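Q: Chain U is fixed; fit chain A onto it per the hints.
Given next are the chains, with one letter for each unit.
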Amino acid sequence: MTTDINARGLACPQPVLTAKQAVDQDHPARLMVRVDNEAAVENVSRFLGTRGYETTSSGQGDDFTVTAVLAQGSTAEKNGKTEPAPAVSGADSQDIQQKILVFIATDRMGFGDDELGKKLMISFVKTLGEMGDDLWRLVFVNNGVKLTITGSPVLETLQEYERQGFSILVCGTCLSHFDLLEQKQVGDTTNMLDIVTSLQLAQKVIQP
Amino acid sequence: MKGLSIPTDKHVLVGMGTADDAGVYQVSPDLALIQTVDFFTPIVDDPYDFGRIAAANALSDVYAMGGVPKTAMNLVAFPLGKMDPKVLRDILAGGLHVLEKSGTVLLGGHSIEDDELKYGLSVTGFVHPDKILANQGLRPGDDLILTKPLGTGIMNTAVKAGLASSEQIRDITELMAALNREAAAVMTGFPVTACTDVTGFGLLGHLAEMIAGTRVGVTVFSDKVPLISGVLEFAGMGMVPGGAFRNRKFRENMVSTASRVSPVLRDILFDPQTSGGLLMGCPQDHSQALLDALYRQGVADAAVIGRVTDTGPGMMAIEY
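So the protein lines, in turn, are chains U and A.
The numbering of the first sequence is the working numbering, which starts it at 1 and goes up by one.
The numbering of the second sequence is the working numbering, which starts it at 1001 and goes up by one.
So that you can see chain U by itself, here it is in the shape it has in the complex (with noise of 0.2 Å):
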């Protein structure tokens, strides 16, 4: 049975309120809860997530749809005492097993010609996808993060990806360098730290 919820129009805390009413009440194994901003589809997703449900959400403009399915082992009545989100998010644990990091220096492939490289590299980000479920994390640095600004020949490709769930890393220093962090369409913003981390995590890690 799925347990539909209105908390559009509500203002914070309530559509929080509203889905934990319904939890407490009924222990839905399925929720849908429709919002009217992405604050409260973050917030309410988080106090799901504390009650056991896992959730995704969609929509846009003023209208969204949280979707919480009560995850395997857990129960509604399990009462959310909660702990501070996992300290590595969910990416970063043990399912990286297999997981490759594409690590992106350069707007363009190789030595000789330029423009020729250009192309290689849009041919080649546009071809990463072929690797499915085995590409992790596309990490991009130095002039790499040009391929991550408004007018990149690959930025739509890049933002599907990051929409089927790949992890995509724009270096901060090199954005803040080149003057384009306003520009950046695509990915999260990060740091050497995070870099390196991620390094270390990846199975397999390709420099174009």
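A few of these clues could be false.
[Unchecked claim] Not everything, but these chain U residues come out facing chain A in the computed CB check (under 8 Å):
| id | residue |
| --- | --- |
| 1 | Pro13 |
| 2 | Val16 |
| 3 | Asn43 |
| 4 | Val44 |
| 5 | Phe47 |
| 6 | Gly172 |
| 7 | Thr173 |
| 8 | Ser176 |
| 9 | Lys184 |
| 10 | Thr189 |
| 11 | Asn191 |
| 12 | Asp194 |
| 13 | Thr197 |
Please keep in mind that the hints were generated in silico from the structure rather than gathered at the bench.
Here the structure is a predicted model, which is why all the values come from computation and not from measurement.
Every residue gets a Cβ at the ideal spot worked out from N, C-alpha and C, and that includes glycine.
A: Chain A in isolation, oriented as in the chain U frame:
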């Protein structure tokens, strides 16, 4: 204010051009006036506490500029006929109590009838023109010191949700009503390079203002940031106010977050604060002495929460 012509003259030391906490106007070679105004709708149920908090909040901008508050005027919007006049009396009494503690005199005020209750103050303070502490001025190698724990926005959301205990409500009320007077007095005895108070934009929002357009960046040690007891739990269960989310969206291009920093903690760093603490930069070789002096004056939650760097100008790197 974009596109409007702002009158000014040569005595304006800090004006509209920067995102500073207050304006500063020089009246003589050794005296400048600090002027600020702040008012808002009630954030706690008790009128007297609301008055105390509104006054501490308004006074804080003077402290954040390195000054001493001297005079104040009340600003009141009150729903006459709909609300017991005793409520207003209690609010003003709370405000006066804090003004008195700060050594500030009340010169007058103005009230209007309004559907929604609002209270605040305009405050004027003194500062020596050479001792003004602007938002910007951080130097590579400075330690960043914060004087109050974070999380009033999240805690107030939990209060609205009926989830906070009476003890927690009392604690945050006292925290919000606490003056930044002691912290400011200690600060002026040290070579502090820049200062602001943490309010609506959250810690990272105000830190962003301190470094935007400058040649310095900052590293924030997220595990060293003092937090109000219970805030991690409430943020973890979805009690994050929309303001924190907007603050994060607005500044996310300036932030790089280590993956070990939980989203919950990151949201707390953007949580809008009411009457938050002072955030200051101090050369490393003085910061321990500054901290010790703060502790001696009872500013018990003060902590070094980050470091100013010369890498990644305009960037905030959040470490754990």
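Q: Which earlier hints can't be squared with this structure?
A: none
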